[in-house]
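A.B. asks: Using the sequences and the hints given, assemble the complete structure.
Residue numbers (my numbering), protein chains in the order written: chain A, 9 to 391; chain B, 9 to 391; chain C, 9 to 391; chain D, 9 to 391.
By construction, these hints were calculated from the structure, which means they are not laboratory data.
Every value quoted in this text rests on a predicted model; they were computed, and no experiment measured them.
Take the hints with a grain of salt, since some may be wrong.
[To be verified] Restricting the straight-line Cα-Cα distance to at most 25 Å, the calculated cross-link-like pairs of lysine to any residue (SDA-like) are:
hint	chain 1	residue 1	chain 2	residue 2
1	D	36	A	22
2	D	36	A	56
3	D	36	A	23
4	A	21	A	273
5	B	21	B	182
6	B	36	C	23
7	B	232	A	23
8	D	240	C	255
9	C	232	B	328
10	A	132	A	163
11	C	240	C	179
12	D	21	D	55
13	A	21	A	65
14	C	21	C	92
15	C	36	B	232
16	A	21	D	318
17	A	232	B	282
18	C	232	D	256
19	B	36	C	179
20	B	36	B	23
21	B	21	B	180
22	B	36	C	38
23	C	36	B	38
24	D	21	D	52
25	A	21	D	32
[To be verified] Computed footprint of chain B on chain A, listed as stretches where at least three residues anywhere in the stretch have a Cβ under 8 Å from a Cβ of chain B:
hint	segment
26	174 to 182
27	220 to 229
28	264 to 270
29	297 to 311
30	349 to 357
31	362 to 372
Backbone N, C-alpha and C define an ideal beta-carbon position, used for all residues, glycine too.
There are 4 protein chains.
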Amino acid sequence: MNNDVRIAMLGSKFMGRAHSNAWMSVNKFFDLPCGAVMHSVCGRDEMATSAFGERWGWASALTDWERAVADPDVDLVDVCTPNDVHAGPAIAALEAGKHVACEKPLAGTLDDARAMRDAAELAKADGLRTFVWFNYRRCPAIAYAHRLIRGGGLGRIFHVRAQYLQDWGGPETPLVWRFDAGQAGSGAHGDLNAHLIDLTRFLTGEEITQVSGAVEETFVTERKLPGGGTGKSTVDDCVLFLARFAGGAVGSFEATRLATGNKNRNTIEINGERGAIRFDFERMNELLWWDDTLPSAQRGWSRVMCTNAGDHPYVEAYWPPGHGLGYEHGFVSQAADILASVGGAEPVVPIPDFADAWETQRVLAAAIVSAREGRAVPLDEIG
Amino acid sequence: MNNDVRIAMLGSKFMGRAHSNAWMSVNKFFDLPCGAVMHSVCGRDEMATSAFGERWGWASALTDWERAVADPDVDLVDVCTPNDVHAGPAIAALEAGKHVACEKPLAGTLDDARAMRDAAELAKADGLRTFVWFNYRRCPAIAYAHRLIRGGGLGRIFHVRAQYLQDWGGPETPLVWRFDAGQAGSGAHGDLNAHLIDLTRFLTGEEITQVSGAVEETFVTERKLPGGGTGKSTVDDCVLFLARFAGGAVGSFEATRLATGNKNRNTIEINGERGAIRFDFERMNELLWWDDTLPSAQRGWSRVMCTNAGDHPYVEAYWPPGHGLGYEHGFVSQAADILASVGGAEPVVPIPDFADAWETQRVLAAAIVSAREGRAVPLDEIG
Amino acid sequence: MNNDVRIAMLGSKFMGRAHSNAWMSVNKFFDLPCGAVMHSVCGRDEMATSAFGERWGWASALTDWERAVADPDVDLVDVCTPNDVHAGPAIAALEAGKHVACEKPLAGTLDDARAMRDAAELAKADGLRTFVWFNYRRCPAIAYAHRLIRGGGLGRIFHVRAQYLQDWGGPETPLVWRFDAGQAGSGAHGDLNAHLIDLTRFLTGEEITQVSGAVEETFVTERKLPGGGTGKSTVDDCVLFLARFAGGAVGSFEATRLATGNKNRNTIEINGERGAIRFDFERMNELLWWDDTLPSAQRGWSRVMCTNAGDHPYVEAYWPPGHGLGYEHGFVSQAADILASVGGAEPVVPIPDFADAWETQRVLAAAIVSAREGRAVPLDEIG
Amino acid sequence: MNNDVRIAMLGSKFMGRAHSNAWMSVNKFFDLPCGAVMHSVCGRDEMATSAFGERWGWASALTDWERAVADPDVDLVDVCTPNDVHAGPAIAALEAGKHVACEKPLAGTLDDARAMRDAAELAKADGLRTFVWFNYRRCPAIAYAHRLIRGGGLGRIFHVRAQYLQDWGGPETPLVWRFDAGQAGSGAHGDLNAHLIDLTRFLTGEEITQVSGAVEETFVTERKLPGGGTGKSTVDDCVLFLARFAGGAVGSFEATRLATGNKNRNTIEINGERGAIRFDFERMNELLWWDDTLPSAQRGWSRVMCTNAGDHPYVEAYWPPGHGLGYEHGFVSQAADILASVGGAEPVVPIPDFADAWETQRVLAAAIVSAREGRAVPLDEIG
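C.D. replies: This is how it looks when you write it as structure tokens:
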């Protein structure tokens, strides 16, 4: 393809696998203006990165991200490193004239996020694009809900209820790096609330204007060390907060790793004047949809299997009705939308750029202020 | 029966019907130390009250609650009047030497509630009992969850999530008395959050120690008047707040009348170290139960039909397995527990008395302080 | 009420309780042209029947059904005796000029059923009415489905899938009378398939024209005797069969007492050209409804809470939206429809009379012929 | 990898895509003794096949299956052609010394299936392996149910209920090749009942010994032709039958394309003495599991998310808990099991070979005899 997009990917862990699979698969499933070329992967450990690259079909493997990012043969840098290593490579890549696709959250700190937003703003003039991998936007059920809501399906929105519940962080779980604030930035908050904030902003089309009452808690302060003994967890196990949206809706948010019984329950309900939607990622192929304009006798929560080609976004690229998709397809579909965007076409649903992800980051920051100062925090305070 | 309990009931609307049915049915279904005698009903409108009394089998009908309460033939006064008419009759009845069963919430104001608590405390010395009709405690699924949790089924509790979602209060709903603060005291808050606070205290066995971030909102400020024109709604449409429990758990609460798609979704999830439960009143015969002590491969949300005589509280009084109960059975079962208590037996699960309902009232009050002052409120402040 | 209907009820076990509750409650909840008067109850054991009658408010108690049925003060005889004692009292009652309401199935044998049908036909001339207590027709969700289908909601019907699954009949269950063909007539077949056949005929409005492939099985042939030792079960544990309907639909039926995990799963799905419905009695307040005329993107199984007064049949007599009904309300609502019919009004949905229940009985009989002769059986054969 | 397995794939439509994706992905996700090499794809249309091959990464593209199958560089032939083109290539491939993986059902006719079984039997002596792509066996939920049942989780099995419901075949669907018996062999029966028969045999470990009462129906006999006018459908729209299993269980089967509201509801319930399972492919990541050995108060249908690495088969190759899989992963996992088998390792759960798929084919044939002769058919008759 003469429109090849040559990709350098930084990171080779969980997200590295998900992205590799996406770049490998995207042109098989989608008809796109550009082809993905898996140019290079960059990781800390030379042997491991090399093995990873070979397995997944990356043409080369490096350990030095500065070199990876500066390579003139690279068109797009895909950043899947830990949150504290987002800003450096992303800004360097933009300065080197590359498009950048960065994992969420945008950054580990508000300062980093601001710098990234500014760099992206500057690079725009050179035609460079930025993208953030908020993968859940591209679930067909979420993308379809977005369309329904944009088409007026809910009318005025009253309520937003967003919870991201996991349970892998119980007292028996040892002190892995995710419980170290130095490496991880935050706990459930940055990892999971980031998704909820992005999704609710995306679905409602409204910004959050106030955060209040945030509760930040570390239930398990002392955890076993792999080598024996115990150490201190320095991140939150959960963060809850309440919010007000620009259009008048009120919302509740909760992210936790100790909600026993919930594996990956990323769930959202939105109630409006004309209808309502519910989504639960543990049943990701389904959208629950309530149409309040039907005759009242017939109204109900309708379980829409979002698997119809033509009807539901992205599905035509994959399988027939009722043949559900899985977690990884959000990444394949986002890769398709990134290639479409780079090639000058429209993505199926909007991809957050750094400016958009910055707004999500501000809400994350406001929640922490609210938790620590015990008060309501207008978003205007956070800049 | 020589252990007859002669009842005077104040009120003859929605709750009057539910209580009448309970008193009529209770001795048919349950074997009890006392029999309920439907002595008198008291309402404002003479004709309507008289017709109501005849229909439901009350021996007499009155319009003057002072007389009803003072009648020497009455053993127990059942208060189903509006919230602002709880304290007067309840205290008078106690002073007249009657047991009192009062509809929830205990009162419309903290001052009323305090006075009722104090009167109940005094009357205790005379062997008088007080009861508050938090009917949902007596759902078999809730009562069974209570037992499971008391038996250690959850271990240390991390999370409480409580929502009471209705949708009858949309913009088209006219300005009925429930939207007038003068008559109703509050909107969704006193009506629905009262249930949630009682249920979470009952289930966890823990008191709430702090409320934060409360959001109080009236979405529909102007409503149609039945006779034409519009008028102002002076109550909340929804109140949300976050909470901390004495044992370290964090909780979220939400009561609303504008959650489109939800008719009576009184739903609670509690996650603990050893297990978790979920309940939704729209499927009141089911308890979702997660046992985290099973082998991990087999763990799941188990839909327990709480309809087994012997296994699940109250059920042996009614029908065979799988033959579900309805809303009204909570009242019949509470009537049974009240008669048991008056007769010196143990209720199946504890009934809140005025002292217990006072604790619930304090949390309601704390949430309003939090909403109006934009800050976290320790319960110690509310006395 | 000068339109009192004086009732003699035969039987005082499970169904005796359900009917007593219905007659006690019906005029409280419903506005009707007639009032139910609980005149007399008749049982085998004098002491037990007398205690039962006192508890439930029957004016007198007898042990001789001939006397009960002949009493000139009685207007309606309610037959809740075992299946082999249906024909005798029902026919005698009709001959004595009483209306008759009989528990399902119509009879234990086809001969009995035919005689009852003929007696009812004769008595019609005298203005006497017959009713069969197929209580599930009066679930609001089923009655609403009936209306939807009659209104054309499904169009041409392709598929009927009906299962009535219980699990109380495992190998540990002792040899109670229900496992004795002499007393019980049949096992799961007469008890449970009778409901399914009535419901599918009621919902589709079509008769069954052929039964095929029936499988009749007794998994547990030897059961423990209460007094020690074991005895033979002489009834079916399950009967399955396939069917063809007059309008061209094909159907499957299954009744069993050994479907581990199912307490009272009376479940039906019907798929038509324009829509589909699903019902499960374990969630009796819900109808799943699929509208195939909606835009395809929005089609889904809609969980309709059938609890709206005005919208859903019977509900206006009871509680507000989302305040679900239970098993017993089917009986209360049928009692209302019986009183309405006797009083000259229309029932909310049709009540099967003996002629209608005879059609159901023929299908039961055809299934047994199919099972024993290993062949397809046209209904024309059964007369 | 020096253990490369060079694959020639015949067919390039729906299954061609699913298999290509599987061969492309398998060595990325799984650690295996062999690597898949995508050697050649063979289709009817030269241009289309060539484009397909390029897109999916096949090294060459052919239109002549005899050449493809005879190529000495090929180790395994993957047959995804229409059912009437299974026997020819599969037998030729075996004779040419290749392993064969064939799409289901084994063949369009019993004669073809028998010849394939015999050829496979002969080739076994040469170390050649045969595999049939009954992909649903490799859903983690199904594979886990298999393990549970093999481990005694159900005890003696009483009931099997299997339905494969789709709804794409309504009256508006035009006369595509799938409605032509010449090309398609059968309608829903061979396509969908084949899956159900394989799954129930796999899960129960029991053979079907009798089929009865089968109903075969073509609801829509006349369909629109793409070019205008109408033509006759010559296949079944649905086939239902009842069955007996060797261990004493009774079962019901239904396959249809006109079950409005069901997109791909491949659903199975099995009830045994010690427990029960339910599965629905529309929620493929979940197994409903009932443990009848728990204390009765705690028994319920447990929704097990089969997404735990270590606990649930295949999952360790993919994503973390709660990050569900999709339809295509059944193929990737089967490709892994095929490569494992060819490389001398054990598959995670057994793969049906031609001898095993022949047993499934006999049941399909018995059902048709039952339908056409209106009688019960012992499997002994079908050889």
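A.B. asks: Are the hints correct? Go through all of them and say.
C.D. replies: Each hint, compared with the structure:
no.	hint	in the structure
1	D:36 to A:22	holds, 13 Å
2	D:36 to A:56	holds, 15 Å
3	D:36 to A:23	holds, 14 Å
4	A:21 to A:273	holds, 22 Å
5	B:21 to B:182	holds, 19 Å
6	B:36 to C:23	holds, 14 Å
7	B:232 to A:23	violated, 54 Å
8	D:240 to C:255	holds, 21 Å
9	C:232 to B:328	holds, 22 Å
10	A:132 to A:163	violated, 34 Å
11	C:240 to C:179	holds, 12 Å
12	D:21 to D:55	holds, 14 Å
13	A:21 to A:65	holds, 15 Å
14	C:21 to C:92	holds, 15 Å
15	C:36 to B:232	violated, 33 Å
16	A:21 to D:318	holds, 19 Å
17	A:232 to B:282	holds, 19 Å
18	C:232 to D:256	holds, 21 Å
19	B:36 to C:179	violated, 34 Å
20	B:36 to B:23	holds, 20 Å
21	B:21 to B:180	holds, 23 Å
22	B:36 to C:38	holds, 20 Å
23	C:36 to B:38	holds, 20 Å
24	D:21 to D:52	holds, 11 Å
25	A:21 to D:32	holds, 21 Å
26	174 to 182	holds (count 3)
27	220 to 229	holds (count 6)
28	264 to 270	holds (count 6)
29	297 to 311	holds (count 4)
30	349 to 357	violated (count 0)
31	362 to 372	violated (count 0)
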